[in-house]
Amino acid sequence: QLIASNGYRAKQQEKDIAAPVVTLKAALSELEKQYRVSFIYRTNLVDTKVVLTGHRDHTVEEALTNLLSDKGLTYEKIQANFYVIVASKEKGTRFFRKINQIEKKAFEPQIGSEPVSSADLNLIKLERIGYSVLSAEKPMDDIRGKVSGAGGDALPGVSVVIKGSTRGTTTNGEGEFSINAPNNATLVFSFVGFASKEVPVNGRTNLTVTLVEDERALEEVVVVGYGTQKRASVTGAVASVTPKDLTALPVISAESAMQGRVPGVRVVNNGSPGQSPIVRIRGVGSINYASGPLYVIDGVPSGDLNNLDPKDIESLEILKDASAAAIYGSRASNGVVIISTKKGSKDGKLHVNFDTYFGTQTAWKKLDLLNTQEYTQYATALLGNAKIAMPSRLSNLNTPIYDGASQTFAQTATNWQDVMLRTAPIQQHQLSVSGGNNVSRFFTSAGYFDQEGILIGTNYKRGNVRINSDHQITKFLTFGQTLMISYDKMRGEQGFGGGRTAIMQAIRNLPYWPVSDPTKVGGYSSPTAADGSDPDNPVRIALQDKSYNQRVKLLGTLFTEIKFTNFLKYRFSFGADIVTAIGTNLFPIYNDGYKSRTQDNIQDNRTSYYSPILTNQLTYDQTFGKHYINATVVAEKQTFRSSSLNGNGFRPNNDIDVLQGISNPGVTSSKDESSLISYIGRVNYEFAGKYLLSGSVRRDGSSRFAPGNKWGTFPSASVGWRVSEEAFMKSVPNLSELKIRGSIGQTGFNGIGSYAWQSLISADNTNYVFGANKVLGSYFASLGNTALKWETTTMSNVGVDLGLFGNKLTFTAEVYNRKTDGLLLNVPIPNSIGYSSPPLANIGSMKNWGYEFQAGYNHNEGDFRWNVSANMDVTRNKVTSLATPSATLYSGLNQDFGGFDITKTEAGQSIQSFYGWQVEGIYQSLDDVFNSPRAQNRAETREAHDPTKNTSPGDIKFKDINGDGKIDASDRTYLGSYIPKFSYGINFGANYKNFDVTVYLQGVYGNKIYNGTKVIEEGMLRLFNAGKGVLNAWTPTNTGTDVPRAISGDPNNNSRTSDRFIEDGSYMRVKNFSIGYSIPAPILSKFTRNTLTKARLYVSSTNLLTFTKYTGLDPEIGINGTAGDNSKLLTNGIDYGQYPQPRTLLIGLNIGF
Amino acid sequence: CQESDLDKLNPNGVTVDTFYKNGAELTSAVNAVYAMAKANALTSREWFFLQDLRSDDVAAGGGQLETPRNQLLLGSHDTGNSVMGAVWQGFYRLIHRANVVLDLSGKVSDIPAADKARLLAEARFLRAWSYFDLVTMWGGVPLYKTYVTAVEGSLPRSTEKEVYDFIIADLKAAQEALPATYDANNLGRATKGAAQMLLARVYLQQADYTNAKTELQKVISSGTYSLVDEFSDNFTEEAEFNKESIWEINFYPSGGNYNWDGDGNGATAGTETVRTQEYSGIGWRNVIPSNSLLNEFEKTATGFDPRFSKSFYATGDKYNLDKNVLTDAAQNGNSSVVDGKTIKISWRKFSLMYKTDQTFLTGGINQRIMRYAETLLSMAEVENEIGTTAEAVKYLNMVRARKSVAMPAYPTAAYPVGTKDQVFAAIMHERRVELSGEQIRNRDILRWRKAGKLKTEPFAYFQKNKHELLPIPQQEVDNNPKIEPTDQNPGY
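Residue numbers (this note's numbering), protein chains in the order written: chain A, 1 to 1153; chain B, 1 to 492.
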């Protein structure tokens, strides 16, 4: 605030000069300019008002006499063009004696520096005893210079003050300043939004000063729903990701920019390039829905951040608690992320920036799999123990890999991981042009992003154009717009969303099998019956089967704001989100010798989406003495319309990729429409800047619910106390901010289907053939529920904000309690009632609670400036009730993992906890088998024991948890949760001269992962290639192992869900490490003839190092599907061999014109 | 803002109260019942697996047989077995669709009464077929006579007798309204003969031989059915809906497109069965004929009973229209031991291998549920049980006399038919050989075991008071408040 008022004061002075009555100080200032002289005086002497006569005096002495004589003041010339102004009664030798009384020692020049003149000494002494120089052009050194921002932009209006005095100036429109100061003075540069900087003159006469933006200062104002608020006045839990965080690191999406930045926001990267990460704010809000936060982009609520270029983001705010989010009512239960895109600047200049980087990505880890010789050894054990004949190929590997090939199977050693994973390029470029003045501002950018996946057959491309502008048409009328036009195209992992991942296929394929085979239709072959194993050729799937998703997205707003009075304004805005998507699946004809496709299957799916939103907003904002009131009312309507058209058919050849000449054509279309009407009110009240009170209410009407349940009300209230503003706290040294705040409120969730309450006939949605005549069938698939309503979340939040040493050190702590009632759940119906999908109902409740901490320290002085911030959150989840007391939701059952449920959700436990058996050991003998609790597959008697079919020595002895003497389904227990005990992020940034370094650590602790890749590697269900671990399988001679015997068919279900495959998922990642170098401005302007104003070169690495005990490919595990896939919800933390997060190395350049 | 903007009806479907108002909609609703019967959960996949794995007709093809399937084969399945769970779910979804048809057809008046009655009878037939499979495998099951209108509407287990009585009533009603035959465009719909034959099965299963005989006699007397000369014509694509066929689920080639959806949903979804892929020698070969089945076949002077090579492929056999010779290497997994010789043998019935060498193939061979040979063999069993053994032998010999089979008439050296027991032994043998792999053996074993007619227990794993019935799926016990864990079948 001090900084801001400096600039204000400077402006105020200019104004006063024009007025006839001015302060004496202003009048002196005018004389200084007029006569090019300097004055020094006690600051308390010049508060007197004087009347300017307009009369022009001949000399400065004359003018001074006129001005001072009737004020009891006089002057004394102490140097050429330098006058001291003193009280008449003080004038005389006594005054100068006083100066000389000051101990000389304190003013001895430092050794090695220039000697200080006596005049300067006197001046300094005068300043020491309360005299001040208003400005001085002579006789001191004339120091000139230029101040610019870190990006090289000139900064006008920067306050330049000689340290230890109040003497100073401000920079002009070109960022230039000149000041007369002692050549050993230190100049203090300060500017709103930037960290102030002290520069010793050291005898220089020309200074180039770069100011860095001060994050704390920028956060002074935060964007909240339908408005902005001073950071100091915020009473809810609102976290910001600063533009610096968003752009300093080469993040590929806004979601990943949030990862580890904000406590309580869990971001998990999920899938191949172009797939959205999973974002959860403060725990898990919903059981049945993949419920990410509501994203509000320039005022348009949207379900996702698709296609948004993170470099276009000006600010990103996360509303975590109900008091902040309740303003978004029925959609706010899972938190709200508000994004504003960039605007032009008002400095009257054109800013051109070009950012670019190129990089490569690689898998940072690979699994250790069997080679051919080890595979044969393993197959012998696996099949031998099951008395299954060895595949004929294994005794016949010296045959050609295909007819006519010179290479034999024995000579083939395929590392399928190496074949499937590659070093992949990544690049991003953005050009932005922005500028403006007090009337109009614009920001235009164009960006291109291109990422190949490290998994073959995956890639993503995106092109963006943005045009934002706003115009001050008259003093009271503003008009503006934002527009994003974007195109993207993604080729995702084939088979993604279900079934086997490419990594699983790569583990399973045989080491002696060749990747390709030119004799086969399509060029790829697969093992046949002779191999006794039937893995798919993952290369064929990845490269031949193609699925593309293309989108064209337009997201734009138009708004106008009318200021009726200083305190009342009206804003109207219209926004629209328009998406056209094309999904193409091409499954060509092939025959790999085992599997084949006889017709080319083409699917062409079109979807269009249009969502307009109209917002009318009235804001009242006024201060009465110590009272401040801000009130907002809003009426809003948003409509969501989509329609899709899906066509498919079969072609007799692979020649073309369109639906022509097809057989079995199929076309379906569907429509979806819903709307939301809302009325919103909010009042913020402040008393004396100390006591803060806020309340809001939103009433939402949604078409998604049955009549009678369409409307819902979502209230919130919060209070805050800025303890540091209290008089009794002013004496506490170094305390700059202390605020205690608390809130409570309700939010809703309506992310269900548009028509979920309606009992519908699935018309013509199935088929049958009579004779040769295909007919369609209609059925009653699901019960409706007219009682359906929103999920309601009640959240309370208490927080403390602490700032020390002028907010150099900041600390925030929050505790919250989030209770969701009326969970929208598919009622777990017994299968016997015959509905294919269960009806939705508001049953069950869930609780999330946690603690969040954030601390930051900024050191902004000297050449070495650094900051460090750290955050941590503890989140806990508990399902408190489901439909019935015994209702359970199982998930994760997968035949490749032995066919057992992997997670269980029930009341009293954390959502989707891992659930299975515990391993007690390995049966070492038949006695052991028969003396232990009865295994499910133990023979009736020892005589009937058949090691190929029954539980035998070498099998896993599971724990008889309920002690009933037998091992069965009731011996399962909870094995942990995928939710970390805590998550954290640590960010360290430093600048030294022109170098900058960022180290960003992100981690989770205490979560569990079900390592499905280990099941594929060591489950030994049937013959496929496997991990090296199987070589240590139990045999009568290798008993000291924890790997059970190898036996095809796994009669004891050793591969069932158990703690054998549960691993600690804790990790700490060097999420990003960057080093940048900015070419110094003088050199830059010299070599580019003043074309370039900034140039920064950097190298950066993402996921450079990962510290984890997890043995799978990557500990950052989402779900085996897209982030919004509701059917995969309860399978978080199961590692199916999902696309691993790559290690990226890149080199980039930011330049500015 | 208009608040009426908040009133939106689903444009993609019609509400339940407005549907089922005309003949077209009723027909579409009945089609959906059939569609469920062909779904992945039922006859295109899990159903034939469950029936076969619960019989002694099959053995594991090798390690490729998935765990839950292998568990059924080993008798080590538990309440969570997914194959069993899928079939349970499939049948109840079919029953639901049939109940909806029967309960909501009241408004339909634009089609002739006879046509409407026929459509309803088809729904009754399919419902009866489902309940019969449920009651034979699980015992007394929840008996939904009408569709459930609220989540709370689930029912407890009924007794076996209640279920059987309901099935009988349905089939009696159905056969009144069903026609004897259909035109080519409607082949696959339930016929009068199908309802009669199914009812005969139901009576036979309860050892109600008198009523079984009545129904079987109706089928025989109808003159609609006779044995085809070529035994294999019961299992090939070209000979579908022949005169021996009483009811079959119609699969139809759809370009290799198999519908993996459990409910078989999707307007454009494939209409094929995965059976060729699952069982065939050059396919996944998940199961193979069991040794006990293979050795059941009689040896004649010229070799095996001709039905052996028409039911199975052995290494050395020709396939793909005789263009290929089956090798050991082409067949994945285990060998069989027949007549002391170790040889790889795979299922031929319902396999497309007779005309293809593709190793991955789904296809359009219909799943025959009932055929006339079974009628004759069941009649033999009924006659024997009611004491007319000579009649029984006559029916057995009709089956053996099929042109392409031409097995010597009973009595033979191995099967004298002097006593009721001897005739019964011949009936057991003949049914097993004639109907192997047709999802009949499981029910035969259940029936015979219950009546104490089995001389030896076919399953080594068999535990009394456990393996007679499948366990009620855990999903049902967990979510049906009317079924407590104590209601579970014994042994689970």
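Mixed in with the good hints, there may be bad ones.
Said to hold, decoys possible - No farther apart than 27 Å at their CA atoms in a straight line, the calculated lysine-lysine pairs in the DSS-like style are these:
#1 A:K710 - B:K8
#2 B:K355 - A:K774
#3 A:K671 - B:K355
#4 B:K466 - A:K671
Said to hold, decoys possible - Just so you have them, the derived chain A footprint on chain B, three or more residues with Cβ under 8 Å:
#5 242-254
#6 281-288
#7 294-308
No wet-lab data here; the hints were simulated from the structure. The structure presented is a predicted model; accordingly, all values stated were derived computationally and were not measured. Positions of the beta carbon are idealized from the N, C-alpha and C atoms, including for glycine.
These are the hints, each one checked on the structure:
1. A:K710 - B:K8: Cα-Cα ~11 Å, so holds.
2. B:K355 - A:K774: 24 Å, holds
3. A:K671 - B:K355: With a Cα-Cα distance of about 44 Å, the restraint between A:K671 and B:K355 is violated, given a limit of 27 Å.
4. B:K466 - A:K671: 51 Å, violated
5. 242-254: That given contact holds, which follows from 4 residues of the region 242-254 of chain B lying within Cβ reach (below 8 Å) of chain A.
6. 281-288: holds (count 3)
7. 294-308: violated (count 0)
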